[in-house]
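Take these sequences, add in the hints, and give me the full structure.
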Amino acid sequence: MKTKKSVTLAGDADRVETISRDLMPKPFGWSGKIWVGVLSIIFLLGLFFYVQQVWYGLGITAMRDYSTWGIYISNFVFFVAISLVGSLISAILKLSGAKWRTPLTRISEMIAVASIIFAAIVIIVDMGRPDRFLNVILHARIQSPITWDVIVITTYLVISLLLFYLPLIPDLAFMRDRMKGIPAWQQKMYKILALGWKSDPGQEKILRRSEQILAILIIPVAFGIHTVTSWLFATTLRPGWDSSNFGPYFVSGAFMVGAGGVIAAMYIFRTHYTNWEKYLTDKHFDYMGRLLVLLSLVYLYFNINEYFVPAYKMKGQEAEHLNALFFGNYAPLFWSVQIFGMVLPIVLLLFPKGRKPLPIFLISILVIVGAWFKRFLIVIPTLSHPYIPMDRVPESWQHYIPTFKEWSITAGTLAGALLIVTLMARLLPAIPVVETIEEADPNHKAPETD
Amino acid sequence: MKKTKFLNSLLVLGSLLFLPELAHAQSDSTEMADSGKAETSIEVVYTEINNNSKILTATVKTKIDDAYQGVKDIAVNFYQNEVDPAYLLGTVASNEKGLAVLVIPDGKLAPTAFENTFVAAVENNDKFEDNQEEITVSEADFTMTLSEEDSTRQVVISLQAPDAEGVMTPVAETEIHLYVQRLFGLLPLSDDPETTDENGEVTVEFPAGIPGDTAGNLIIVAKVEEHEQFGNLTFQRKINWGVPLVIDPNKDKRQLWSSRANAPIYLIVFINTMLIGIWGVIAYIIYQVFQIKKLGRQKTP
Chain A
1496 MKTKKSVTLA GDADRVETIS RDLMPKPFGW SGKIWVGVLS IIFLLGLFFY VQQVWYGLGI
1556 TAMRDYSTWG IYISNFVFFV AISLVGSLIS AILKLSGAKW RTPLTRISEM IAVASIIFAA
1616 IVIIVDMGRP DRFLNVILHA RIQSPITWDV IVITTYLVIS LLLFYLPLIP DLAFMRDRMK
1676 GIPAWQQKMY KILALGWKSD PGQEKILRRS EQILAILIIP VAFGIHTVTS WLFATTLRPG
1736 WDSSNFGPYF VSGAFMVGAG GVIAAMYIFR THYTNWEKYL TDKHFDYMGR LLVLLSLVYL
1796 YFNINEYFVP AYKMKGQEAE HLNALFFGNY APLFWSVQIF GMVLPIVLLL FPKGRKPLPI
1856 FLISILVIVG AWFKRFLIVI PTLSHPYIPM DRVPESWQHY IPTFKEWSIT AGTLAGALLI
1916 VTLMARLLPA IPVVETIEEA DPNHKAPETD
Chain B
11 MKKTKFLNSL LVLGSLLFLP ELAHAQSDST EMADSGKAET SIEVVYTEIN NNSKILTATV
71 KTKIDDAYQG VKDIAVNFYQ NEVDPAYLLG TVASNEKGLA VLVIPDGKLA PTAFENTFVA
131 AVENNDKFED NQEEITVSEA DFTMTLSEED STRQVVISLQ APDAEGVMTP VAETEIHLYV
191 QRLFGLLPLS DDPETTDENG EVTVEFPAGI PGDTAGNLII VAKVEEHEQF GNLTFQRKIN
251 WGVPLVIDPN KDKRQLWSSR ANAPIYLIVF INTMLIGIWG VIAYIIYQVF QIKKLGRQKT
311 P
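Residue numbers (this note's numbering), protein chains in the order written: chain A, 1496 to 1945; chain B, 11 to 311.
Do not rely on the hints blindly, as some may be mistaken.
Subject to a maximum C-alpha distance of 30 Å in a straight line, what follows is the list of computed DSS-like cross-link-like pairs (lysine-lysine) [to be verified]: (1) 1521/A with 1810/A; (2) 1675/A with 304/B; (3) 303/B with 1686/A; (4) 304/B with 1683/A; (5) 303/B with 1683/A; (6) 1594/A with 303/B; (7) 304/B with 1700/A; (8) 1700/A with 303/B; (9) 1693/A with 303/B; (10) 1521/A with 303/B; (11) 304/B with 1693/A; (12) 304/B with 1686/A; (13) 1675/A with 303/B; (14) 1808/A with 1528/A.
Rather than coming from a laboratory, the hints here were simulated on the basis of the structure.
Below is the structure:
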């Protein structure tokens, strides 16, 4: 005889009904279908050109002997950076006891998982021949930061998946028991993934303890992933990269763009789904705005260190590199990124009106776009200024202007990451349902953890 | 109906993905003869090394898209004097560049009067027309003498060929190229080739300071290249005139910059400890996930 499994929730039935109706995943409306359609087209176009790249080689890109890393690696650094948001919301805010984080946790984990998956994919795209990735494992040198990066990315991906999955289990059980009229495969998926969850005290205890352990574990790994990514650059003797500031500079920038990513996603979810303004309130945007200011100020501090100190000395090739950034070819992009992607957001977010949902959404878009191009500015100009002068090389090798195909493949990866987040939100509640119901109960007490 | 639409979409996507390749395949066109077989061009080169090894190289090409491209896996028959099975020296299949190389076996050549004619032929091929090309080369005596006097090292190259009576006589005004063999190619010893004098000789002072192997050995190579009378002549000699290579004794020590086999112990220990620690916790969490499932299977009291 089978035991009937069901999730029991404290509180009145109306509240449970209302919250579950608001937060349970729903089929796409017309805007959702257009969104998925556009993303799919961009993704498929990127895939099409990627097949060409595999067929014809990296010659279809603008990468040559000097700019051996192009927008693929800029994009990789961007993905790794934005993935750190998972540890920021799910771990740092959790451990610091910020209860308002509840509706943001799932969104941040979705972004983290999608980003880190595509960070790994982009590395394979950059290798040209995907089979060469095996060589990184088969012939790994443990002394190489590339090996460390492969290890830490894999570790971070697994921890992020667990940190995404574990808090989802009660919601999966909730959907298993409550969602009717859905396809059989979806019902079966919820049933398998819910692991027979029935809010048993033993299960609750294991779950909370595991979440707590993961929340602690992910913080050093998150710092590790972006510090090691920065070491890919900083352990080389190149102007612009040869810096001991790179680890914290990268980590602080990552938290900043991660916060921006969550704010943008919060706004899109809030405007797209009915009644979500009850869960993603102005208060959440305000708090995230304050957090973003703090993170941006930290990043600004590291930026000043990163550029002011070498600019004070202006030595050799470093001077050529900095002149290109401050006054040369890259100056318009450099100053746009610094002003619109960092200084302006800080100033605007200092005002309460700047932290209202629409303004902060627009500011977060500036932060995200600025962050992407910031990675471009970290990777490309340095490669254009090698210590050994460029001599007797074709003109086209001396500059790096990405090809249309390269842009398309890059756009395809960004669209792919957004598609993953979108499909997750289609099948899973983007705001934790059970936790929200429990926290809405006036008699609710936060569970104690071991 | 839905299935058909899906299949159609897949077909469209598939054709999009492979469109460039299809377009490429369609534009491939090989120039055909009246027989329906493609035509080829053959180029033959004769090379002699140290007056001993004799090598014939045939390059077989065909015209594709108005450009000559090497023909792969085509059988090339090499003959002495003329196309006749009695004079067949050997048959070699071409590589992907269309090159077929035959090292003429010792004792295979019929005696001739100071001159040899070689023929490379494509015959009875299913796809390509019969074609042949011949080359005639004179015998030559190409030698290198190395001497060292008062720390001056000299390379003397001598080129002689038989005259009408078969008497070996010096060959003057012939360009000689001098190289040192390196790992991935030949390092020229001068920008321009040297020219033989009336004695058929070239004398060159060998420069000091060229790195050799651990014993200081290097290989000096003299060449007559693409000569209309002799083809390619090569003479090479090994001598310890190089600077001995000193292998850095630190190479085999455990350092950050050593090979993977010589990684520092502290790094191996540190990274593996971290890996075991972190993945141990991950394994514990995964075990806990199964515990949740196990509790889910138990009957509720």
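We went through each hint and held it up to the structure:
For the proposed pair residue 1521/A and residue 1810/A, the alpha carbon gap of about 59 Å is over 30 Å, so the pair is violated. Taken as a hint, the residue 1675/A and residue 304/B pair is honoured in the structure, with Cα atoms around 26 Å apart against an allowance of 30 Å. About 11 Å separates the Cα atoms of residue 303/B and residue 1686/A, which keeps this hinted pair within 30 Å; it holds. Straight-line distance between C-alpha atoms of residue 304/B and residue 1683/A comes to about 18 Å, which keeps the hinted pair within the 30 Å bound.
The suggested pairing of residue 303/B with residue 1683/A holds, with an alpha-carbon distance near 15 Å, which does not exceed 30 Å. Simply put, residue 1594/A and residue 303/B have alpha-carbon atoms about 28 Å apart, close enough for the 30 Å limit, and the pair holds. Our distance criterion of 30 Å between C-alpha atoms is met by residue 304/B and residue 1700/A, whose separation comes to about 14 Å. For the hint linking residue 1700/A to residue 303/B, the alpha-carbon distance of about 13 Å falls within 30 Å, and the restraint holds.
Between residue 1693/A and residue 303/B the alpha-carbon distance is near 10 Å, which keeps this suggested pair within the 30 Å criterion. In summary, the hint linking residue 1521/A to residue 303/B is supported, as the alpha carbons are separated by about 27 Å, within the 30 Å threshold. Using a Cα cut-off of 30 Å, the hinted pair residue 304/B and residue 1693/A holds, with the two alpha carbons roughly 12 Å apart. For the hint pairing residue 304/B with residue 1686/A, the CA-to-CA distance comes to about 14 Å; that is within 30 Å, so the pair holds.
Taking the CA atoms of residue 1675/A and residue 303/B, the gap is about 23 Å. The hint holds against a cut of 30 Å. Pair hint residue 1808/A plus residue 1528/A does not hold up; C-alpha atoms about 55 Å apart against a cutoff of 30 Å.
The earlier numbered hints that this structure contradicts are 1 and 14.
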